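Build the full structure now, drawing on both the sequences and the hints.
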Amino acid sequence: MISRLRLCLIASLCVLFGTGCATVEPWEKGYLAREEMTLTPDPLAATLSDHIFFSKEASSSGSSASGSGCGCN
Amino acid sequence: MVTKRTGSKALLALTAASMGLPALAPKSARAQTQPEGFSASYRHSQYSEGEQPATQSATGAVERFDITVQQLHLQTPMFGNAAVTVDLVSETLSGASPWFITPGVDGEPVQTMSGATIDEQRDEINVATNLFSEHARTGMGFSYSTENDYESFGVRFSHSSYSDDKNSTVDFAIGGSVDSITPTQAEGITRVIEEGKTNFYGSVGFSHVFNKTLLIGVSGSYSVFEGFLSDPYKLVFVAGDLLPDARPEDRQQAAFDVRVRKYLPSYDVALHSDYRYYTDTFGVVSNTLKLGAFKNIGSWQVSLGVRAYLQDSANFHANFFESERQDGYYSSDYRLSEFQSLSFSAGIKKDFGFGAIRLNYENYESTGEGDTPNPGLVDFELVSVGIEFSIK
Amino acid sequence: MTMRFSRSFKAMGSLCELQIYTHEKSRSEEIFEDLIGEVSRLEDKYSRYKSTSVISQINAAAGQGAPVYVDSETVQLLDYADTLFAESDGMFDITSGVLREVWDFRSAKLPSAAEVRSVLPLIGWQNVDRGDDQIYLPQQGMQIDFGGFAKEYAVDALAARCIDHDIQHGIVNLGGDVRVVGPHPDGTPWRVGIQHPRAPAKAISVVEVSHGAVATSGDYERFMLIDGKRYCHLLNPETGRSIHPQFASVSIMADSCLVAGSFSTLAMLKGDDAAAWIESTGLPHLLVDQSLRLSGTVHAESDTGETTRR
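Protein chains in written order, with the numbering used here: chain A, 1 to 73; chain B, 74 to 465; chain C, 466 to 775.
Watch out, some of these pointers could steer you wrong.
[Said to hold, decoys possible] The calculated lysine-lysine pairs, modelled on DSS-like cross-linking and capped at a C-alpha distance of 30 Å, are: (1) Lys515(C) to Lys335(B); (2) Lys368(B) to Lys574(C); (3) Lys490(C) to Lys423(B); (4) Lys574(C) to Lys285(B); (5) Lys363(B) to Lys335(B); (6) Lys363(B) to Lys285(B); (7) Lys574(C) to Lys515(C); (8) Lys335(B) to Lys368(B).
Calculated directly from the structure, the hints in this document are not laboratory data.
In this text, all values refer to a predicted model and were calculated from it rather than measured experimentally.
Structure (structure tokens):
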């Protein structure tokens, strides 16, 4: 089921971003291995930002554990 | 002599046998593997809100919140295939916050701030364990946060699975929290004594490596809150009376995220583009776009970012209410108003072989939208320094 | 702006060379130190000449009654050796190193039949006891060694580390076993010289490689000529006799150096059907037969007379 879902998602993202979907080999992952190419490069900063935006805006992040605390100031 | 076995079968067998060898694949191709050694990072941040301008304040210019945040993150591998992380957060808060809004002589909204300076302390601990296998990571974590008037206990379960080539990742997470609020009481003001709320959330994410310089992640999340969701300290002007802030007892939220990471090898620059759509049953809809650029110069890295945020107001928000509402819900909290915000950030990072130091600055400004913007909207600056190191 | 930096050193009994493109010299020095550290780690861990190595510990415990516990990297290398044994029908046997005790290639003298017979009972991977994370050689005098693939494994380990160091363009060469991290910054492939089997320090051919590995196995590594006949270091574990391979050398290209090296060795151990067998793997290859004729699927340039790479 997951692999089917995966294929569908890859296909739709390919259409969405108009990119080729060639398989990237392990030795081609040097750039992707860089910290700044990860989805969350600086976790502590991201946690703090989430917490601040959560307490200053109406849209909480919804999927992170950083929501704890009131933020009612 | 060997005759029976075919070369292609041997290739399959030997390739398979070589796949698991630890030194063979770079870390990047190993997806999220168990960390190799102990690592620690510490971050000290200073958050300061701009002062409430005298023109919009009932009591003249008022200093708003200043918060000192300290974060400590510790991670260590364990039992061959597991890692334990401990996160500690300590916040020291001081300042004043918006209390209620009344109509001024010309019908303009006038903000009254909380009278006394509030001094508070919040401490949080997060402990998580992750188990790593070749194709998956499974994690479980607990969090506890305490303030003099607020307590929260949370639990989180997450799972990531990777395709054979480690180019695709599917993430699932569910979690929840139970919070209790015991507001500080003040003479002459009626506040709730003790209330609670619960939260449950789930998220599904998918990320894929499209080519050697492009990574895209999409995710969707759903969250539901039940219980006391109002702000116990805020009051609302309703037809001449000041009533407590009153919000529905349940709130469902849904969000959709797209995150793109692109590397430009000829410039040694990584570009980030994050978009988020959010909607909830309070009637809030928001769109967030975040762009970032990271430029590497030897062991230094310079980063710039911009974040644009636009939100519609909740159904029951107004600066003040001339008449009562049928449903009895009222809030004049600036967070629930219609506004946009723009923030700019800059950072610098210096890598050492064993770790790094970081310096970051962010400037956030919000502007009200609609006919009469909420006067309580906040601007802030955030300065932080961080140090991290790891021991293999 | 990236520049090319290179470093030569001796390790694992071979001349090694690293070439990488990076921004600054200090960065390249850091990376070279780290890579050389990784080679030393593997050498210390798997050399049969170091008494503290995992291999020496396993060999010292042979016939002593208690198994040796090993870490997961060693377990996986032993699993790999097990696969090599199975796929070669016993020709690639990591317990056959004991034959070196009777084969002295510097003596220019063949071992006697009695000498060979005396060590044959100590050979046989199928007799080794293995548990999940333990290994036991049941007879005193039995020994294993990873000489058949440790260097190739090290090449892959260094290439992986280059990638972890953000190196996009570079090459790792440990004594002729080569792994390309990535082509030159302008996209042109690396030119890898293939050792001339009969003329040391001379290339018989040059192959172009943009990524992946090239490994060569030949009858020239250790040998002795007796009455005009070549006896090479490749020994048959069943008979204890030197084999007379059809090819003077076999070069194989594969994603990993470990797999490339294993197939070049397997091809040398094969009999007359080696060429067809290699063909059936689908791996690009270059064969040099005993009369130095080149064949195979790799587009190779003819003799350039030099081993250096562009």
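Worksheet entry | Hints not upheld, ascending by number | Violated hints: 1, 2, 4; rest satisfied.
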